[in-house]
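Here the protein sequences line up with chains H and V, keeping their order.
Going letter by letter, the first sequence gives residues 1111 to 1225 in my numbering.
Going letter by letter, the second sequence gives residues 3 to 114 in my numbering.
Some hints here could point you the wrong way.
[Claimed, not checked] Dumping the calculated DSSO-like pairs for lysine-lysine here, alpha-carbon to alpha-carbon at most 30 angstroms: (1) K1180/H <-> K80/V; (2) K44/V <-> K80/V; (3) K1188/H <-> K80/V.
[Stated by the list, open to error] Calculated from the model, a selection of chain H residues having no Cβ within reach of chain V, i.e. all distances over 10 angstroms: (4) S1117; (5) T1137; (6) E1139; (7) Y1164; (8) A1197; (9) Q1217; (10) N1224.
Please keep in mind that the hints were generated in silico from the structure rather than gathered at the bench.
These numbers were taken from a predicted model, which means no experiment stands behind them.
We put the CB at the ideal spot given by N, CA and C, even for glycine.
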Amino acid sequence: AQTVTQSQPEMSVQEAETVTLSCTYDTSESDYYLFWYKQPPSRQMILVIRQEAYKQQNATENRFSVNFQKAAKSFSLKISDSQLGDAAMYFCAYRSIQGAQKLVFGQGTRLTINP
Amino acid sequence: EPEVTQTPSHQVTQMGQEVILRCVPISNHLYFYWYRQILGQKVEFLVSFYNNEISEKSEIFDDQFSVERPDGSNFTLKIRSTKLEDSAMYFCALRDRGYEQYFGPGTRLTVT
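Produce the complete structure using the sequences and hints provided.
This is the structure:
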């Protein structure tokens, strides 16, 4: 079974600075998807960014980018020019391409933005 | 992006009571999921539903849980006899043939 680990329960960053959230995962599959979801206090799950394992190029979405290291099974999220609205829980998630393709989540990292 | 609503937004029930949580997609979708998040913990997969039947379920999804699409649109999660430990946020998610699962806003279930 796949597992996802986020080793940073909490992180904080000054507004306008850059922060990196870590995620590692364990799988025996060669093809899969990885995601970062944001959960603000409203508890809505919002997709931030996705990465297909077969793509070597790291995904980017505006101020959000990932560092995908397939051999190391590492998938970190970098947030540039942090804004107050970025404060939230961030969950890393794995999705197989087989079967029901359910999401397997990490424990989450609570990000605080200091003004 | 598909729009998903969930009703109710918050449900308070007494232990042993039955609850039905509803997921209402705006358009038709292929794959449906229920996830649970106990307060302060990670999001956990409960069950997936495809072509009007369960395609996968987790260990959490025991005989107390059931899912169905009674009218071909709404997707429901029923808990027959709620326990205190069922208190959690329940998320419905939808997927077509693409990558993303689109989450509803969630139903907060409180069992007293």
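Report holds if the minimum CB distance from Y1164/H to chain V is greater than 10 angstroms, and violated otherwise. holds (12 angstroms)
Minimum Cβ distance from S1117/H to chain V greater than 10 angstroms, as the annotation requires: Per Cβ check, S1117/H is outside 10 angstroms of chain V; nearest 13 angstroms; holds.
T1137/H: least C-beta distance to chain V exceeds 10 angstroms? holds (15 angstroms)
For the pair supplied as a hint, K1180/H and K80/V, confirm whether the alpha-carbon distance does not exceed 30 angstroms. violated (39 angstroms)
Taking the closest pair, is the beta carbon of A1197/H still more than 10 angstroms from chain V? Its Cβ never comes within 10 angstroms of chain V, the nearest being 17 angstroms, so this holds.
Straight-line alpha-carbon gap K44/V to K80/V, limit 30 angstroms: Distance ~21 angstroms between K44/V and K80/V Cα, so the pair holds.
Report holds if the minimum CB distance from Q1217/H to chain V is greater than 10 angstroms, and violated otherwise. Not fine: 5 angstroms to the nearest Cβ puts Q1217/H too close to chain V.
Does E1139/H really sit off the interface, with its C-beta more than 10 angstroms from all C-beta atoms of chain V? Given that every Cβ of chain V is farther than 10 angstroms from that of E1139/H, nearest at about 16 angstroms, it holds.
Closest CB of chain V to the CB of N1224/H still more than 10 angstroms away: Since the minimum Cβ distance to chain V is about 22 angstroms, N1224/H lies beyond 10 angstroms and the statement holds.
Pair hint outcome, K1188/H versus K80/V [Cα-Cα no greater than 30 angstroms]: Distance of about 39 angstroms is beyond 30 angstroms: violated.
Of the numbered hints given earlier, the model fails hints 1, 3 and 9; all others are met.
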